[in-house]
Structure formats: C-alpha cells, structure tokens
Amino acid sequence: SQELEQSPQSLIVQEGKNLTINCTSSKTLYGLYWYKQKYGEGLIFLMMLQKGGEEKSHEKITAKLDEKKQQSSLHITASQPSHAGIYLCGADRTGANNLFFGTGTRLTVIP
Amino acid sequence: DAGVIQSPRHEVTEMGQEVTLRCKPISGHNSLFWYRQTMMRGLELLIYFNNNVPIDDSGMPEDRFSAKMPNASFSTLKIQPSEPRDSAVYFCASSPNTGPTPYGYTFGSGTRLTVV
Numbered sequence: 001s002q003e004l005e006q007s008p009q010s011l012i013v014q015e016g017k018n019l020t021i022n023c024t025s026s027k028t029l030y031g032l033y034w035y036k037q038k039y040g041e042g043l044i045f046l047m048m049l050q051k052g053g054e055e056k057s058h059e060k061i062t063a064k065l066d067e068k069k070q071q072s073s074l075h076i077t078a079s080q081p082s083h084a085g086i087y088l089c090g091a092d093r094t095g096a097n098n099l100f101f102g103t104g105t106r107l108t109v110i111p
Numbered sequence: 001d002a003g004v005i006q007s008p009r010h011e012v013t014e015m016g017q018e019v020t021l022r023c024k025p026i027s028g029h030n031s032l033f034w035y036r037q038t039m040m041r042g043l044e045l046l047i048y049f050n051n052n053v054p055i056d057d058s059g060m061p062e063d064r065f066s067a068k069m070p071n072a073s074f075s076t077l078k079i080q081p082s083e084p085r086d087s088a089v090y091f092c093a094s095s096p097n098t099g100p101t102p103y104g105y106t107f108g109s110g111t112r113l114t115v116v
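These protein sequence lines are chains A and B, in that order. Mapped onto this note's numbering, the consecutive letters of the first sequence carry residue numbers 1 to 111. Mapped onto this note's numbering, the consecutive letters of the second sequence carry residue numbers 1 to 116.
Take the hints with a grain of salt, since some may be wrong.
[Claimed, not checked] Calculated from the model, a selection of chain B residues having no Cβ within reach of chain A, i.e. all distances over 12 Å: (1) P70; (2) A72; (3) G104.
[Said to hold, decoys possible] Among chain A residues calculated to face chain B with C-beta under 8 Å, some are: (4) L11; (5) F45; (6) T103.
What the hints contain is simulated information worked out from the structure, not anything from laboratory work. Treat the numbers as computed from the prediction; the structure is a model and nothing was measured. Where a beta carbon is used, it is the ideal one built from N, C-alpha and C, also for glycine.
Model the full assembly from the supplied sequences, consistent with the hints where possible.
Below, the structure written as structure tokens:
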C-alpha cells in the first residue's frame, strides 16, 4: 500500500505565482527527502528534513516538516519555468537508509 | 565525479529475451539501490546493497529479476525472461552512508526499458 501521499497530483501555475505541494504519511518518518525530476532524467536531491518542525530553504524553494514528522510541504515562491518537473517526496521509515517514495506531483509553469 | 552511471540509456527487446542493466555508483559510496518507475506504481525500490551485500530484495517482483554487485564499483540488474509488463524506467542510486543521511541519494539518469 502507498504510505506516502502527495497532493496535488498535478499543478499548473502561471509564472510568478507561489505554490505548495504536500506529502503526508500515516506513520512517523525518520527522514523526509524532496527530489525533483525532469522528464527523461534522474532525480535531483533538493532537501532533507529530519527534525520535527524543521524548515529548510534553497533559493526560492522552502520545505517544512511538521512537529509530528508525518507531513511535509514544499513551497515555491515566484515560480519560474525552470521549476517545472515532477516533485517527489521520499521517506526513510526505518532509519536504515532505505527510501520509499510518493507518487509525485507534476508541476507545469506557464510563461 | 561523473555521478552514477547507468547503461544502456534505452533498451528495446522482445518478450522472452534476457535484459541486463548496468550501474556504476559514485566512488566511495557504499550503498546502492535499484528502483523501477512506472506511471501506475510510481518509483518502487527493488533491491539495495550495502558494502556489496544485498540487504533487502523484498521489492524484486518475481524470480525473473536478479541483481548482483560483484564489487564496489559495479552492479547489474537482470531480467530473464523479459515480459511487456517489465517496461519501465529503471534507476540506480548510490549513497555514502547507512542510516539517515543529509545528502540524499544520487540517482543515475535511468535506463528506459521497452519490452515488445
């Protein structure tokens, strides 16, 4: 069964708009990873969150992990066409460096 | 470093044929992972190795799938015989550590397999 739910499944936004992608688990996570994937390419590591309440930023992308470590959000400010792609959250459930992934969110940014 | 290198990038084969996918992890990384990505099931972990030893192969779908890591710089994923439902993108990834790592995994560019 799918243990990481991502929402929305797809998102189309106008360039310059802000957006948020969510990742939810029914169980406590040891580590939460965000990746970006462009079509036909591999996954690019964005950020890793481990502590409840943690927040990290890289350029215009901010990721947060809730206090219970069961939900994470990825927020993009002032989106650009270069942000387009598939965003995947991955989680380390057992603490054994064994990631499983959500189904992804396909982001389209319209110039 | 050239990153995780996978070959071939694309493979088209006929049903029943043997397929071998190859992966060279980043030098110094001691964990290696094989994933399969499809539209229906997303990204699934097939098997992972630590220090060349298979740790968890519970994601391998059937006995037709096998994976080896004869040394720290090379791994193969073999499908024999291949079936159309094996069509997917297969990714290899490597990581420097066991346990939660702030570095994430480094993924290869994937092998797109089409079985006709």
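Checklist line | No chain A beta carbon within 12 Å of B:G104's | finding: violated, 3 Å
Checklist line | Supplied contact hint for A:L11, tested at 8 Å Cβ to chain B | finding: The hint is violated - A:L11 has no Cβ within 8 Å of chain B, the shortest such distance being about 17 Å.
Next item on the list: Classify the label on B:P70 as holds or violated, using whether its beta-carbon is more than 12 Å from each beta-carbon of chain A.
Entry: holds, 21 Å
Next item on the list: Verify the interface restraint on A:T103: the C-beta must sit less than 8 Å from at least one C-beta of chain B.
Entry: With a closest approach of 4 Å, the A:T103 hint holds.
Notebook entry, point to check: Regarding the hint that A:F45 lies at the interface with chain B, is the smallest CB-CB distance below 8 Å?
Noted result: For A:F45, the interface hint holds, since the closest Cβ of chain B sits about 3 Å away, which is under 8 Å.
Next item on the list: Taking the shortest Cβ-to-Cβ distance between B:A72 and chain A, state whether it exceeds 12 Å.
Entry: At roughly 16 Å from the nearest Cβ of chain A, B:A72 sits farther out than 12 Å, so the non-interface label holds.
Comparing the model with each earlier hint shows violations of hints 3 and 4; every other hint is respected.
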